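Student: If you want the building blocks of each chain, they are given just below.
There are 2 protein chains.
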Amino acid sequence: MKRSRVTLLAGGVGAARLLRGLAALLRPSDLTVIVNTADDDVFHGLHVSPDVDTILYTLAGLSDPARGWGIDGDTFHATRALERYGRETWFRLGDRDLATHLFRTEALRAGRPLSEVTAEQARALYVEVTVLPMSDDDVRTVIDTARGPLSFQEYLVRERARSTVRSIRYDGIRTARPAPGVLRALEAAHSLIIAPSNPFVSIGPILALAGVRAALRRASAPVVAVSPLIGGRPVKGPADRMMRALGMEPGPIPLAELYRDLLDGLVIDTADRAHLPALETRGLRVSAIDTLMSTQARSTAVARKVLAVADSLRASLAS
Amino acid sequence: MKRSRVTLLAGGVGAARLLRGLAALLRPSDLTVIVNTADDDVFHGLHVSPDVDTILYTLAGLSDPARGWGIDGDTFHATRALERYGRETWFRLGDRDLATHLFRTEALRAGRPLSEVTAEQARALYVEVTVLPMSDDDVRTVIDTARGPLSFQEYLVRERARSTVRSIRYDGIRTARPAPGVLRALEAAHSLIIAPSNPFVSIGPILALAGVRAALRRASAPVVAVSPLIGGRPVKGPADRMMRALGMEPGPIPLAELYRDLLDGLVIDTADRAHLPALETRGLRVSAIDTLMSTQARSTAVARKVLAVADSLRASLAS
Chain A
0 MKRSRVTLLA GGVGAARLLR GLAALLRPSD LTVIVNTADD DVFHGLHVSP DVDTILYTLA
60 GLSDPARGWG IDGDTFHATR ALERYGRETW FRLGDRDLAT HLFRTEALRA GRPLSEVTAE
120 QARALYVEVT VLPMSDDDVR TVIDTARGPL SFQEYLVRER ARSTVRSIRY DGIRTARPAP
180 GVLRALEAAH SLIIAPSNPF VSIGPILALA GVRAALRRAS APVVAVSPLI GGRPVKGPAD
240 RMMRALGMEP GPIPLAELYR DLLDGLVIDT ADRAHLPALE TRGLRVSAID TLMSTQARST
300 AVARKVLAVA DSLRASLAS
Chain B
0 MKRSRVTLLA GGVGAARLLR GLAALLRPSD LTVIVNTADD DVFHGLHVSP DVDTILYTLA
60 GLSDPARGWG IDGDTFHATR ALERYGRETW FRLGDRDLAT HLFRTEALRA GRPLSEVTAE
120 QARALYVEVT VLPMSDDDVR TVIDTARGPL SFQEYLVRER ARSTVRSIRY DGIRTARPAP
180 GVLRALEAAH SLIIAPSNPF VSIGPILALA GVRAALRRAS APVVAVSPLI GGRPVKGPAD
240 RMMRALGMEP GPIPLAELYR DLLDGLVIDT ADRAHLPALE TRGLRVSAID TLMSTQARST
300 AVARKVLAVA DSLRASLAS
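Chains as they are written, first to last, in numbering that gives the first Met the number 0: chain A, 0 to 318; chain B, 0 to 318.
If you're looking for bench data, these hints aren't it; they were derived computationally from the structure.
One thing to keep in mind: the hints can contain errors.
The following residues of chain A were derived to be distant from chain B, with all beta-carbon distances above 12 Å [said to hold, decoys possible]:
1. Arg-19
2. Pro-64
3. His-76
4. Arg-79
5. Arg-86
6. Thr-104
7. Arg-108
8. Gly-231
9. Gly-236
10. Arg-259
11. Asp-260
12. Arg-272
13. Gly-282
14. Leu-291
Stretch-level coverage of chain B by chain A, calculated; a stretch enters the list once three of its residues show a Cβ under 8 Å from a Cβ in chain A [said to hold, decoys possible]:
15. 73 to 80
16. 244 to 251
Just so you know, these numbers come straight off a predicted model, no measurement behind them.
All C-beta atoms, glycine included, are put in the ideal place defined by N, C-alpha and C.
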């Protein structure tokens, strides 16, 4: 029997690439995405949720395929005009994208929780997949660097990930609760998928939320991750630099270690297939395929493989 | 001796037209504009000061000459994208214009007074004329209509001034104080000019601020108004409808009555010159010229006449 309820733990661009594949294979009502909000930030007084927007814009068919963030064809007139007022504009907000942040900020200021605002945003964009921000409470990734503590966006966008990372922490994580529906989406899923997102700043905050890691460990559904690394390097972002800074050799084995207590399967790139035996020795179901999701077809192929790994794990768990 | 310090009481578009003429004739350091803020409003969580922006954009050479509001060549991508989220967008904000409202709103939220933010805005736009919002405190024009109370922007922009006006009030006026510099600009001026702006919703709130009307009455400098009416009709806006609704026949005589206790001179349009003798009987120095300021040259011509009327009044007061 095909069991098709899928819950995805997601960061930004890498997750969105896998998600467009999953969305092509599953009914929207069978797909739930739990999205990192620890790299949310405030720019020009507006609450920006980069990962939530990347996920929603992708599902709405609005995302810029080249940049990976923002809205396709967007202009940047407002951002450039802000420079005139001496504002820092290293975090560029498109004009159409600004509407999202204006809408979200006004609703949050009116006291509405982010999960509710995100659901309304999804409806407005005709997105039927369930998209849940990980929490309605503020959690903020802080990167301690040689240059002092930086917010994630300062580290990634302003400093272009050039500062040496000393440690990473999630401010607010102790008191934050998972958003409504998050724990249930983990418990009710037939397949739990960890997107090819940064394990420290995208997946890490979700797993650090009260009850989430335990729910994944306890879940009867198989947990399958897709490695964000190809030949030890991420397609995008600083995952390899962070791994090195934290004393790991970038590759699928340290990744599997980070998820060790909850992982059942792993999809890695063929470039990393030399690690396959060592990963299988750790009791993981591993598949090595081309994981570069540069087109919709490639995204769908990776999604199909991830679901197949989950299905086979479920079948063997049941037998 | 030419005494050249000029203070202008200003609303939006009509005032901006006269101002571009005054700016062509006077040194920036001799010119101060006190701008109505009673039609400020909040859209999408942003503090919008329509008259302040019209004045500053005009002085910066950025204003849209056709529309009279906003920035020349601006686009409206953000506003259109807000419609997707079901937001009311009858008050259209351009993308470049949005930067102004983002800048202002963030600064106000940080606790800075509007006058300080406006001065910084002026510097950023290389405007050397002193532009003072009338008050740092919130004053809001409320139009009581047959359809209930409306904010000024709701009345003017959303309802297109079609609702019957019953009365006009300025919420917050009793506790509001003139912004720093306002009273001094009235006391120190050699000429006090009332722009061809709506007497009820643009000039009215400024005059209703504690101490302003008294300062104008007490001032040794002549007070000269430019009528916003041409043949009983305003170039723009609902001044005539408001006059009628409040029991006046639109024209320069009721206008002069509204300013009776403080006015020394009046510039009216040649279309209204039949009223000239009656106005002079009231002790006013009156000049009838072409007041339609559709080009910079016409604005400069009107400004020159206004200054000449003030100069001649000052000369006769001194003699």
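Student: Against this structure, judge whether each hint is valid.
Tutor: For each hint, the structure was consulted:
1. At roughly 20 Å, the least C-beta separation between A/Arg-19 and chain B is larger than 12 Å, which holds for a residue marked as non-interface.
2. For A/Pro-64, the shortest C-beta to C-beta distance to chain B comes to about 19 Å, beyond the 12 Å cut-off, and the non-interface label holds.
3. For A/His-76, the condition that its CB be more than 12 Å from all CB atoms of chain B is violated, with the nearest at approximately 4 Å.
4. Non-interface status of A/Arg-79 relative to chain B is broken: a Cβ of that chain comes within 12 Å, the nearest being about 8 Å off.
5. Its beta-carbon lying about 6 Å from the closest one in chain B, A/Arg-86 breaks the requirement of being farther than 12 Å from that chain.
6. With a minimum CB-CB distance of about 6 Å to chain B, A/Thr-104 fails to clear the 12 Å threshold, and the non-interface call is violated.
7. At the 12 Å boundary, the C-beta of A/Arg-108 falls inside the reach of chain B, the nearest C-beta of that chain being 6 Å off.
8. Residue placement check: A/Gly-231 keeps its beta carbon more than 12 Å from all beta carbons of chain B (closest about 40 Å).
9. Look at A/Gly-236: its CB is around 27 Å from the nearest CB on chain B, clear of 12 Å, so calling it non-interface holds up.
10. With a cut of 12 Å on Cβ distances, A/Arg-259 stays outside the contact zone with chain B, its closest approach being about 42 Å.
11. For A/Asp-260, the shortest C-beta to C-beta distance to chain B comes to about 41 Å, beyond the 12 Å cut-off, and the non-interface label holds.
12. The Cβ of A/Arg-272 lies farther than 12 Å from every Cβ of chain B, with a closest approach of about 44 Å, so its non-interface assignment holds.
13. Every CB of chain B is more than 12 Å from the CB of A/Gly-282 (nearest about 47 Å), matching its label as outside the interface.
14. Look at A/Leu-291: its CB is around 31 Å from the nearest CB on chain B, clear of 12 Å, so calling it non-interface holds up.
15. Coverage of the stretch 73 to 80 of chain B by chain A holds [criterion: at least 3 residues with CB-CB distance below 8 Å; count 7].
16. For the stretch 244 to 251 of chain B, the assignment as covered by chain A is violated, since 0 residues bring a beta-carbon within under 8 Å of that chain's beta-carbons and 3 are needed.
Consistency with the previously given hints fails for numbers 3, 4, 5, 6, 7, 16, ordered from lowest to highest.
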